[in-house]
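Take the given structure of chain W and dock chain P to it, following the hints.
There are 2 protein chains.
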Amino acid sequence: MKLTELDTPSLLIDRDKLIRNIARAKASCAKLGVHWRPHLKTHKCLEIARLQIEDPTGPATVSTLKEAEFFASNGITDLIYAVGIAPHKLPRVDRINKSGADCKIILDSVEAADAVSRYARTAGTSFRVLIEIDCDGHRSGLKPGSPEILEVARHLKDGAALVGVLTHAGGSYSAHGDAELKAAAENEVTAITRVADDLRAAGFPIEIVSVGSTPTLCAAEKAPGVTEYRSGVGTIFDLFMHGVGVCEIGDIAESVLVSVIGRQQEKGWLITDGGWLAMSRDRGTASQAVDWGYGAVCDINGNLIPELWVASANQEHGIIARRDGKPISESDFPLDTRLRILPNHACPTAAAFDRYHIVDHGEATEVWHRINNWE
Amino acid sequence: MKLTELDTPSLLIDRDKLIRNIARAKASCAKLGVHWRPHLKTHKCLEIARLQIEDPTGPATVSTLKEAEFFASNGITDLIYAVGIAPHKLPRVDRINKSGADCKIILDSVEAADAVSRYARTAGTSFRVLIEIDCDGHRSGLKPGSPEILEVARHLKDGAALVGVLTHAGGSYSAHGDAELKAAAENEVTAITRVADDLRAAGFPIEIVSVGSTPTLCAAEKAPGVTEYRSGVGTIFDLFMHGVGVCEIGDIAESVLVSVIGRQQEKGWLITDGGWLAMSRDRGTASQAVDWGYGAVCDINGNLIPELWVASANQEHGIIARRDGKPISESDFPLDTRLRILPNHACPTAAAFDRYHIVDHGEATEVWHRINNWE
Numbered sequence: 001m002k003l004t005e006l007d008t009p010s011l012l013i014d015r016d017k018l019i020r021n022i023a024r025a026k027a028s029c030a031k032l033g034v035h036w037r038p039h040l041k042t043h044k045c046l047e048i049a050r051l052q053i054e055d056p057t058g059p060a061t062v063s064t065l066k067e068a069e070f071f072a073s074n075g076i077t078d079l080i081y082a083v084g085i086a087p088h089k090l091p092r093v094d095r096i097n098k099s100g101a102d103c104k105i106i107l108d109s110v111e112a113a114d115a116v117s118r119y120a121r122t123a124g125t126s127f128r129v130l131i132e133i134d135c136d137g138h139r140s141g142l143k144p145g146s147p148e149i150l151e152v153a154r155h156l157k158d159g160a161a162l163v164g165v166l167t168h169a170g171g172s173y174s175a176h177g178d179a180e181l182k183a184a185a186e187n188e189v190t191a192i193t194r195v196a197d198d199l200r201a202a203g204f205p206i207e208i209v210s211v212g213s214t215p216t217l218c219a220a221e222k223a224p225g226v227t228e229y230r231s232g233v234g235t236i237f238d239l240f241m242h243g244v245g246v247c248e249i250g251d252i253a254e255s256v257l258v259s260v261i262g263r264q265q266e267k268g269w270l271i272t273d274g275g276w277l278a279m280s281r282d283r284g285t286a287s288q289a290v291d292w293g294y295g296a297v298c299d300i301n302g303n304l305i306p307e308l309w310v311a312s313a314n315q316e317h318g319i320i321a322r323r324d325g326k327p328i329s330e331s332d333f334p335l336d337t338r339l340r341i342l343p344n345h346a347c348p349t350a351a352a353f354d355r356y357h358i359v360d361h362g363e364a365t366e367v368w369h370r371i372n373n374w375e
Numbered sequence: 001m002k003l004t005e006l007d008t009p010s011l012l013i014d015r016d017k018l019i020r021n022i023a024r025a026k027a028s029c030a031k032l033g034v035h036w037r038p039h040l041k042t043h044k045c046l047e048i049a050r051l052q053i054e055d056p057t058g059p060a061t062v063s064t065l066k067e068a069e070f071f072a073s074n075g076i077t078d079l080i081y082a083v084g085i086a087p088h089k090l091p092r093v094d095r096i097n098k099s100g101a102d103c104k105i106i107l108d109s110v111e112a113a114d115a116v117s118r119y120a121r122t123a124g125t126s127f128r129v130l131i132e133i134d135c136d137g138h139r140s141g142l143k144p145g146s147p148e149i150l151e152v153a154r155h156l157k158d159g160a161a162l163v164g165v166l167t168h169a170g171g172s173y174s175a176h177g178d179a180e181l182k183a184a185a186e187n188e189v190t191a192i193t194r195v196a197d198d199l200r201a202a203g204f205p206i207e208i209v210s211v212g213s214t215p216t217l218c219a220a221e222k223a224p225g226v227t228e229y230r231s232g233v234g235t236i237f238d239l240f241m242h243g244v245g246v247c248e249i250g251d252i253a254e255s256v257l258v259s260v261i262g263r264q265q266e267k268g269w270l271i272t273d274g275g276w277l278a279m280s281r282d283r284g285t286a287s288q289a290v291d292w293g294y295g296a297v298c299d300i301n302g303n304l305i306p307e308l309w310v311a312s313a314n315q316e317h318g319i320i321a322r323r324d325g326k327p328i329s330e331s332d333f334p335l336d337t338r339l340r341i342l343p344n345h346a347c348p349t350a351a352a353f354d355r356y357h358i359v360d361h362g363e364a365t366e367v368w369h370r371i372n373n374w375e
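Residue numbers (UniProt numbering), protein chains in the order written: chain W, 1 to 375; chain P, 1 to 375.
Chain W extracted, bound-state conformation (with noise of 0.2 Å):
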């Protein structure tokens, strides 16, 4: 099917730019002598994360418990639920792996450490955790070095068996340049590794060591200690993740297509219906070097049209205008003329859509679900 035959606004993937992404990532972890988990919170998609995956079971993260039963039913068994689980969510995972997966958590307190062996006991069931660690002071988890990561290692009985450590660099979103990159992929390594470290000298068996961002996956130069790696959003890239500096704008494979509907003519703007519901209302990229306001403005074939940006959005309506603040030619952008939004941030937009238009050599060949909610 042609672009123009899609109605807008339909989310898109390059396949060509996807396929080198994974294969990047998956070249990033053979270097780095690790297992890749992609993490499927970016795309939500059977096709995609089958594309990743090492073997037909996995491993893969979610972010999400639908994922997890999803995928989970879809024959990819070896996840990590990799947000801090809430003790009423046991049940469900408990299902899930009933089901037949292996949904690994993570906990990073005495109390869910209790709350988690208390349901094992209770229920006659059992959870395989993680304890999840802060090496940036970034979100949740424990300091490298806490005397807590012992005493949760120890509250863990009863069916709730440690099996691993995990951290997240998500301080390494706000790196500028390779130096800092490289400092924060450094950082994340050293950090879990002496949390192993610590606890296998206290007896407990430490058989997963898993770090992960996207800036970091791209910067590590070697990961000794570290088994692997998670990273989301470097199978898809955005404009944020160009700011930080691990892709080029040429590597984004997400885009929106969108139709012009309309002008306003007295400020020189076109109006499409790419709206912020589609774009999403991230604007990661005005804390950067380029502001891309809600999204880089390509024409149909994905060439950047470097002086026009989508200044601004409403609901259904993207307003682009060019960054030079002259009027856009009228002539240049009749009506219905298609256009290919790159978002600043791929999570988010993807989220607004329940399927991809899979693109190749400048036609949709296929359709891709997601998995989007949470019920």
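Among the hints, erroneous ones may be present.
Identical chains share a label here; the pair holds if one copy fits it or two copies do between them.
Distance condition first, Cα-Cα at most 27 Å in a straight line; then the derived DSS-like pairs of lysine-lysine [unchecked claim]:
#1 Lys-143 with Lys-89
#2 Lys-26 with Lys-66
#3 Lys-267 with Lys-143
#4 Lys-2 with Lys-66
#5 Lys-326 with Lys-143
#6 Lys-326 with Lys-157
#7 Lys-182 with Lys-26
#8 Lys-98 with Lys-66
#9 Lys-2 with Lys-89
#10 Lys-267 with Lys-89
#11 Lys-182 with Lys-267
#12 Lys-2 with Lys-26
#13 Lys-31 with Lys-98
#14 Lys-89 with Lys-326
#15 Lys-98 with Lys-182
Hints were generated in silico from the structure; no laboratory data involved.
Coordinates of chain P only, in the frame set by chain W:
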């Protein structure tokens, strides 16, 4: 069902607040002597639409043709698709109308009028069309007094029938205080009635004179010559509308139920499972007098905890901090504590969910579905 029995994150609607907000909009329209054509884009939900509309057939406003298809197939047939029509969408509109609906379209250029007329002639079909007017330089539409308005009217032929004029006072979202709100409401009415008068004087019958935004409906004192108001978010309300000054915190009918999943001990934060995917990336209140971060924090009963806010968010993690920077008392918020987060903007927050849980007297009594996406 108790709210603690729901998995999180989940989207809640307080039925009493919803009913009250709907009654308020209806009373405003009754006072003004106009129809209410509620914009269904906020909730995209049949049950809520049925509480809003005057008659089983409408009137109502939609923002996507998927909404139009869904609501029309459920009997709500008097529709305006209030986004400038892209010519490639005309076959889809035509199918909706042939299924028994009266889905009106809007446009603002001779180019679009010609395209619609041409399609109607070629396909042997008809469309009912409103001309979009720009009352405040906000987005799309022709300026009142612009000679192009009459030209567009003259170019509508061969089945493309001019039935009305429409404007949206988008500028009212940045109004400060009652005087500015009232001025925006008056300006909207003055602008559209001038255009209606001009067209009637030129011999065009103008049946529908449509205005509306939540702030202007709340502020309008009279609307002579206007036949209907469209408003969307005012059925739900949100923190942004509270910042505009048109609702109280206690009027906000939508919240996201989240669970405490951990803590950042060093910084004294709570971590929840309500991240930006659940809350949306909308940070509209950042430009208002009170910045609510990613949302206002309430207890499970919906009572505001004013010292807290959602200070930051990742995809599946919400970070709750005290506004004064002091650490949050751990003992007050054990793991799995449920909190309700009020959104900056009801529309994008709801768009991440496929259903609402309706809350009556503190219990989840019904599930109402949403019609998301475009295809």
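Do the hints match the structure? See the list:
no.	hint	result
1	Lys-143 with Lys-89	within (25 Å within a copy, 55 Å between copies)
2	Lys-26 with Lys-66	within (26 Å within a copy, 39 Å between copies)
3	Lys-267 with Lys-143	between (52 Å within a copy, 12 Å between copies)
4	Lys-2 with Lys-66	between (33 Å within a copy, 21 Å between copies)
5	Lys-326 with Lys-143	between (52 Å within a copy, 20 Å between copies)
6	Lys-326 with Lys-157	neither (67 Å within a copy, 34 Å between copies)
7	Lys-182 with Lys-26	within (19 Å within a copy, 60 Å between copies)
8	Lys-98 with Lys-66	within (15 Å within a copy, 38 Å between copies)
9	Lys-2 with Lys-89	between (44 Å within a copy, 16 Å between copies)
10	Lys-267 with Lys-89	between (52 Å within a copy, 26 Å between copies)
11	Lys-182 with Lys-267	between (44 Å within a copy, 26 Å between copies)
12	Lys-2 with Lys-26	neither (32 Å within a copy, 46 Å between copies)
13	Lys-31 with Lys-98	neither (36 Å within a copy, 60 Å between copies)
14	Lys-89 with Lys-326	neither (54 Å within a copy, 30 Å between copies)
15	Lys-98 with Lys-182	neither (41 Å within a copy, 61 Å between copies)
In summary, the structure is inconsistent with hints 6, 12, 13, 14, 15 from the numbered list given earlier, while agreeing with the others.
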